[in-house]
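Please model the entire structure based on the sequences and the hints provided.
Residue numbers (our numbering), protein chains in the order written: chain A, 1 to 105; chain B, 106 to 205.
Possibly wrong hints are sitting among the right ones.
[Claimed, not checked] Okay, the calculated beta carbon distance ranges per label pair:
id	chain 1	residue 1	chain 2	residue 2	range
1	B	I155	A	V44	44 to 54 Å
2	A	Q26	B	E157	31 to 41 Å
3	A	F18	B	T200	42 to 52 Å
4	A	F19	B	T200	41 to 51 Å
5	B	D163	A	M25	25 to 35 Å
6	A	R90	B	T200	14 to 24 Å
[As the list claims (entries may be wrong)] The list that follows gives simulated cross-link-like pairs (lysine to aspartate or glutamate, DMTMM-like), each with its CA atoms no further than 20 Å apart:
id	chain 1	residue 1	chain 2	residue 2
7	A	K40	A	D30
8	A	K40	B	D133
9	A	K101	B	E196
10	A	K101	B	E203
11	A	K65	B	D163
12	A	K65	B	E157
13	A	K101	A	D30
14	A	K101	B	E201
15	A	K101	B	D197
16	A	K101	B	E199
17	A	K29	B	E203
Just so you know, the hints here were simulated from the structure itself, not pulled from any lab data. No residue lacks a Cβ here, since even glycine has one placed at the ideal position from N, Cα and C.
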Amino acid sequence: MLEYISFAIMGLGLIFMFFGIVGIMQPNKDFYYRLLVTCKIDTVGIITFFIGLAVRHGISFFTGKIVLILIIMLILNPLVTHMVARSAYRGGYVSKDELEKRKLR
Amino acid sequence: MMNIILIVLFAYLFFSMIRVAIGPSVWDRLSGLNLVTTKIILVIVIFASINETTYLLDFAMIYALSGFIGTIFITLFLSNRNRRKLEEFKEDAETEQENE
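Laid out in structure tokens, this is it:
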């Protein structure tokens with residue numbers, strides 16, 4: 001019984017991650033939009049995925065390590081995305097709508 | 106049953122690699138790389154869960170730390186890449202506002 005519950009939760013995590021992939025593959029959207037969508041949905045996908053795994057293994061040494069990995073990824077994933085966006089802005093990657101705003105197209 | 110999840114994860118890995126390959130600018134590739142790292146960590150954790158071994162999780166932990174920190178240093182290197190472009194852009198914006 002526990003097996004199926006964990007598969008259901010993991011499947012849910014996979015579905016969330018599918019939206020993350022869809023988010024990053026959007027051609028017409030802007031870079032910053034894709035970056036935002038990917039990071040947010042990806043983090044949610046990770047959380048659901050690890051909950052599914054924790055359910056599968058119950059309270060054990062395995063779940064403890066999984067929680068540790070979850071904490072590391074929750075801290076680092078948004079951090080890296082912020083750094084990428086910041087370096088893109090600093091490095092002169094001007095987004096399309098910003099260009100339209102300044103009528104420099 | 107767990108293999109299905111593995112196959113789907115590898116499919117996601119392939120799609121995010123497409124973004125790394127296509128990405129017009131370096132920063133698109135970096136965000137794709139970030140996605141690839143996350144997927145690889147999940148693959149390692151799934152393997153650990155299938156084989157019921159806990160030592161694999163240490164690999165995932167170390168890979169998570171080093172992969173993300175590596176990406177951070179790449180972004181630091183890239184942040185002043187085409188500094189001139191940003192300055193020119195700002196100067197054009199100022200001249201635009203002056204003659205308005």
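Hint check:
1. A beta carbon spacing of about 24 Å between I155 of chain B and V44 of chain A contradicts the range 44 to 54 Å that was offered as a hint.
2. At about 39 Å, the beta-carbon gap between Q26 of chain A and E157 of chain B stays in the expected band of 31 to 41 Å.
3. Separated by about 46 Å at the C-beta atoms, F18 of chain A and T200 of chain B satisfy the suggested range of 42 to 52 Å.
4. At roughly 43 Å, the beta-carbon separation of F19 of chain A and T200 of chain B lies within the given 41 to 51 Å, and the hint holds.
5. Range check, D163 of chain B to M25 of chain A: about 33 Å between beta-carbon atoms, so the 25 to 35 Å window is met.
6. Checking the proposed 14 to 24 Å range against R90 of chain A and T200 of chain B shows it holds: the Cβ atoms sit about 22 Å from each other.
7. Straight-line distance between C-alpha atoms of K40 of chain A and D30 of chain A comes to about 16 Å, which keeps the hinted pair within the 20 Å bound.
8. Taking the CA atoms of K40 of chain A and D133 of chain B, the gap is near 16 Å; set against the 20 Å cutoff, the hint holds.
9. The suggested pairing of K101 of chain A with E196 of chain B holds, with an alpha-carbon distance near 16 Å, which does not exceed 20 Å.
10. Between the alpha carbons of K101 of chain A and E203 of chain B the distance comes to roughly 16 Å, so the proposed pair stays at or under 20 Å and holds.
11. Our distance criterion of 20 Å between C-alpha atoms is met by K65 of chain A and D163 of chain B, whose separation comes to about 8 Å.
12. A hinted pair counts as satisfied when its Cα atoms are at most 20 Å apart, and K65 of chain A with E157 of chain B qualifies at roughly 13 Å.
13. The suggested pairing of K101 of chain A with D30 of chain A holds, with an alpha-carbon distance near 14 Å, which does not exceed 20 Å.
14. Our distance criterion of 20 Å between C-alpha atoms is met by K101 of chain A and E201 of chain B, whose separation comes to about 12 Å.
15. Using a Cα cut-off of 20 Å, the hinted pair K101 of chain A and D197 of chain B holds, with the two alpha carbons roughly 13 Å apart.
16. For a cut-off of 20 Å, the pair hint linking K101 of chain A to E199 of chain B stands: about 14 Å separates their Cα positions.
17. Pair hint K29 of chain A plus E203 of chain B does not hold up; C-alpha atoms about 32 Å apart against a cutoff of 20 Å.
Comparing the model with each numbered hint stated earlier shows that hints 1, 17 do not hold.
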